[in-house]
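Assembly of the complex is requested from the two constituent chains, each provided in isolation within its own frame, with the hints serving as guidance.
As you go down the protein sequences, you meet chains A and B in turn. By the working numbering, the letter at position 104 of the first sequence is numbered 104, and the numbering carries on one by one without gaps. By the working numbering, the letter at position 16 of the second sequence is numbered 16, and the numbering carries on one by one without gaps.
One should not assume that every hint holds.
From the derived model, a few chain A residues whose C-beta atoms are all more than 10 Å from chain B [said to hold, decoys possible]: (1) His45; (2) Arg50; (3) Thr64; (4) Thr77; (5) Ala78; (6) Gly104.
Computed footprint of chain A on chain B; a stretch qualifies when at least three of its residues, placed anywhere within it, have a C-beta under 8 Å from a C-beta of chain A [claimed, not checked]: (7) 26 to 39; (8) 47 to 56; (9) 63 to 75; (10) 103 to 109.
For the record, the hints were derived by calculation from the structure and aren't laboratory data. Note that CB positions come from ideal geometry on N, CA and C, so glycine has one too.
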Amino acid sequence: SQQGEEDPQALSIQEGENATMNCSYKTSINNLQWYRQNSGRGLVHLILIRSNEREKHSGRLRVTLDTSKKSSSLLITASRAADTASYFCATNPSGTYKYIFGTGTRLKVLA
Amino acid sequence: GAGVSQSPSNKVTEKGKDVELRCDPISGHTALYWYRQSLGQGLEFLIYFQGNSAPDKSGLPSDRFSAERTGGSVSTLTIQRTQQEDSAVYLCASSPTFGAYEAFFGQGTRLTVV
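Looking at chain B on its own, in the form it has when it is part of the complex (with noise of 0.2 Å):
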């Protein structure tokens, strides 16, 4: 595609449920982020993906929050049972692969959880 594409929008959800966010990177990069961005702050890590290996999964703020990548494609972010404080932009990121090269970012999920 274009560039990365993350859905839904938006999404508001109520405290409890789980919900489901998406990410397509741009064809044939083999490396993808994901960060969260609360109001007004910085991009906090959550997880890397590259290729084949084993993702950083280091930067997961609990055993709630998951992601997966499908066929080195696609990936999924899911976060279960949310609380309030999950409440934020979560932004997705691909590059062609690890290393100097820069990371093109989607224009990200606002998760609202009232």
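Here chain A stands alone, though its shape is the one from the complex (with noise of 0.2 Å):
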């Protein structure tokens, strides 16, 4: 089963606007990670932020988050057209060494 749900399902802004997406969880981490995917196929890492870290950032990419509330935030600021694709959280759950990746959103950049 899933264990993240990302919001929106889909999000489209105009280049030069921030575009923020949410992430929801179900049960206590060790760790979150953020991916990209273009195309359906492979995805590509962007950041990770351990269950002690509560901000993090990484060039236009700024994550946060609140364990109490099991969710987590990616802000991308200043968007630009290379910037859509499909965006995921992954959790990997205390106890576990798996990651469990969250339904996505997807994200349209105008230009």
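Structure follows, in structure tokens:
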């Protein structure tokens, strides 16, 4: 079963705007990762945040984690057409070795 | 190798036939994962290998699915007596070890059962 659910399912914005995607999960975790997928094939790792961290930055990406609410958000600032892709969160539930992926957010950035 | 390699890239098979999907992880990576992704859906966890430990098979959907990892490197996912609902993209990923490490994904095998 899916551990995470992304919200919204789809998002369409203009180039230059910020995009925010949310991920909710069900159980306690060791860490959470965000991935991007282009064209429905291989995934590319974006950022990892540990359960004892609250916020991380990487370039135009900002990830927050609220373990009390079991939720995370991914913010992409100053979006570009090349950011058009599906974005997934993946959680590592405590006591396990696997990563459980959410349902994904399809982002479209219009030039 | 430079990245995770999966073969074949595409596979069309007849219902009822067996198929084998192959994954070559990045050299030295001890953790290997298989996922399945149906069209427009998220990734469904299938199985996880870590070194010489017993694999976590909790995600395999039925006993028609099995996977091996030989010599701690190459992995093969086998689907017996394929059904149309097995049609999906099968993705393999590897990471240096278990823990707070990113997983590197292959490009996947698109399986179509007709």
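Verification of the supplied hints:
1. His45: Violated, because the least Cβ-Cβ distance between His45(A) and chain B comes to about 4 Å, which does not exceed 10 Å.
2. Arg50: 6 Å, violated
3. Thr64: 17 Å, holds
4. Thr77: 22 Å, holds
5. Ala78: 24 Å, holds
6. Gly104: Nearest chain B Cβ is 5 Å from Gly104(A), so the label is violated.
7. 26 to 39: holds (count 5)
8. 47 to 56: Holds: 3 residues of the segment 47 to 56 of chain B have a Cβ under 8 Å from chain A.
9. 63 to 75: violated (count 0)
10. 103 to 109: This one holds; 6 residues, not fewer than the three required, reach chain A with a Cβ under 8 Å.
Figure legend: structure checked against the earlier numbered hints; hints not met, in rising order: 1, 2, 6 and 9.
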